[in-house]
Amino acid sequence: MFRNLNLDLPAGRCVVVRGPNGSGKSTLLRLAAGLYPDYEGGIEAADAFYLGQKPGISGLLSPRENLQWYRRAGLSAGGAGSPRAKRSVDEAMAAVGLEACSEIPCARLSQGQQRRAGLARALLSPLRLWLLDEPLTALDAQGRSLVGRFIEDHCAGGGAAMCASHQPLGAMDSAAIELGGGR
Amino acid sequence: MFAAQFRREWLCVARARDEILNPLAFLFLGVLLFAMAFGGDDEALSAYAPGIVWVLVLLANLMSLEILFRRDFEDGTLEQFVLLARPPFVAVLAKVAVQWCVTGFAITALAPLAALMLSMPPEAVPMLMLCLLLGTPALSLLGAVGAALTVGVRKGGVLLALLVLPLYLPVLIFGVSATAAWAGGAAEWAQIYWLAGFTMLALTLSPFAVAAAVKISLEEC
Amino acid sequence: MLTFKQFWHRLGSPKWFYRMSRPWFVAFAVAAGVLLGVGLAWGLAFAPPDYQQGDSFRIIYVHVPAAFLAQSVYIVLGAAGVLLLVWRMKMADMVLETMVPFGLWITALALFTGAVWGRPTWGTWWEFDGRTTSTLVLLFLYFGLYALRQAIPRAETAGRACAVLAIVGTINIPIIKYSVEWWTTLHQGATFTLTEPPAMPPVMWAPLLVNVVGAYCLFAANLIAQLRNAVLRREGGAQWVRDAVAAEAA
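Heads up: the sequence lines are chains V, A and G, in that order.
Counting in numbering that gives the first Met the number 0, the first sequence runs from 0 upward without gaps.
Counting in numbering that gives the first Met the number 0, the second sequence runs from 0 upward without gaps.
Counting in numbering that gives the first Met the number 0, the third sequence runs from 0 upward without gaps.
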């Protein structure tokens, strides 16, 4: 799908991946996340936080239960040397505005609320590289500005982010790579 | 890792009770159908009871396997599972353990009822339960490999059966022969050791296969 | 002189394989033709009839090689699965793809000839005895591999999924075989074992041996030919394939 793609993402930077449908934005992010083994070439990245097109939130569980699982499993997976999660589950839910529905099974929440729960995972993750696939999908204006702020804060704190998006991502638009021609 | 995953799966299962109850209801419906098919011939029924029970257990297990990974696959949690699970086989084991609790273990607990309906001799019931307890983990573990391979396949149910049922054959053979021997009054331990051995082998190897298969299936999306 | 490591690496390269394999194919195809021609003619026409079974025993000259191959091909598939998953060898994926239908047919042939032989010998077309049952299970295992590949659209994914299944199947085959054979057995013991001399007189087993070796050569020739096809199919866009095809056409 790609040829001669060479990408260097230093800490503190955010890069936006653009391109028409089918140009491979999602594939690139999944590659970076380590979800495809059959690429030819090298990826030198730390373990990354990945938010896919599906939010990765179980509909049977409430936002709190989803996030608790993510935090516990993530912490035990972190291994030696990784900084512990910065926030508690409650703080993360408050940050995305889900306190009011933290105990309701996610299947009964709206699309936007589910996306917010998925986003809250990013705040729990100790990992420095964020890979966000269409993070603005289904979010309202307030939610979209929230995403922009999260990314800015993350990068300011020494993290890095790579986002695939059709919509403008606020201040982070400066660094963009353009993937040409769909398949 | 095991504890976190086990807790999560347990919560999910508790929220979707129909998914636990359907295979169990299927098992007893099957028992009922066989009892009717034998038309009240209790002697013939009790002679074939071990085989009937085991075949129904195999099928009931298969039914609950289809949804083992499907829900997680559809809402994207399976991707996170793969990225988080370190080591992956431990997380897989937690998932399969919960599935076994609500099928294999539940079936074992309810086996006396099925044995009663199929007019098995009461003395054979404890051994039937022991065989089920030893054999069903192997079913869940092997079946999870098939479930992980077919999770990305639309309407993967029949395919799953096709992949998994041939692998179930040793459990069926040893389970039926041990149960039948004890029902006939012979104290046969060999097949029970075989069942336990087969389960141990499945326990050692299949979590790795499941972890690999889940990763492979995720490439599809 | 190639070191083993270089040879290993090159065997995984479709281009190298395609360039080198033509003489291998010719060698195995000729060997298979000669051996099977001689073996079948010898076995079917010249070997003496069995004193109990008469002429009907002659079907072993087809049945036994087919049954041998049925099991061997699955083990080859399991090995290819390991190569694919561990070393990402592209050629292994092609082996997994092309040899499943071959295994399916050869297993069906073994079952069919077994049934035809069983009728006059045991008085029944079909009997759930140890070896027929485990061969039937093998048929289902092959069919499972075939069905799984059909069901998954993306070729690389399908290949790796089949690899996992083939490995699981290979580990299970001995267990299934043992359990089924232990359950009940009516089949005669194996005709050939590695450790004991056969009970048949040499005039009867010699053609059988020739046929078995011939069948393996046929398998090797078929494997190489199918792999060459698969290489062309999968690497069809590459420049070297166009050059190679142009060179062959000229």
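Warning: the hint list may mix true and false statements.
Once the Cα atoms are required to be at most 16 angstroms apart in a straight line, the calculated EDC-like pairs of lysine to aspartate or glutamate come out as [as the list claims (entries may be wrong)]:
#  : chain 1 : residue 1 : chain 2 : residue 2
1  : G       : Lys89     : G       : Glu180
2  : G       : Lys89     : G       : Glu234
3  : G       : Lys176    : G       : Glu234
4  : A       : Lys214    : A       : Glu73
5  : V       : Lys53     : A       : Asp17
6  : A       : Lys214    : G       : Asp242
7  : G       : Lys14     : G       : Glu234
8  : V       : Lys53     : A       : Glu219
9  : G       : Lys14     : G       : Asp242
10 : V       : Lys53     : A       : Glu73
Hints in this document: simulated from the structure, not taken from any laboratory.
Results of checking the hints against the structure:
{"no.": "1", "hint": "G:Lys89 <-> G:Glu180", "verdict": "violated (37 angstroms)"}
{"no.": "2", "hint": "G:Lys89 <-> G:Glu234", "verdict": "holds (11 angstroms)"}
{"no.": "3", "hint": "G:Lys176 <-> G:Glu234", "verdict": "violated (39 angstroms)"}
{"no.": "4", "hint": "A:Lys214 <-> A:Glu73", "verdict": "holds (14 angstroms)"}
{"no.": "5", "hint": "V:Lys53 <-> A:Asp17", "verdict": "violated (25 angstroms)"}
{"no.": "6", "hint": "A:Lys214 <-> G:Asp242", "verdict": "violated (37 angstroms)"}
{"no.": "7", "hint": "G:Lys14 <-> G:Glu234", "verdict": "holds (9 angstroms)"}
{"no.": "8", "hint": "V:Lys53 <-> A:Glu219", "verdict": "holds (14 angstroms)"}
{"no.": "9", "hint": "G:Lys14 <-> G:Asp242", "verdict": "holds (11 angstroms)"}
{"no.": "10", "hint": "V:Lys53 <-> A:Glu73", "verdict": "holds (8 angstroms)"}
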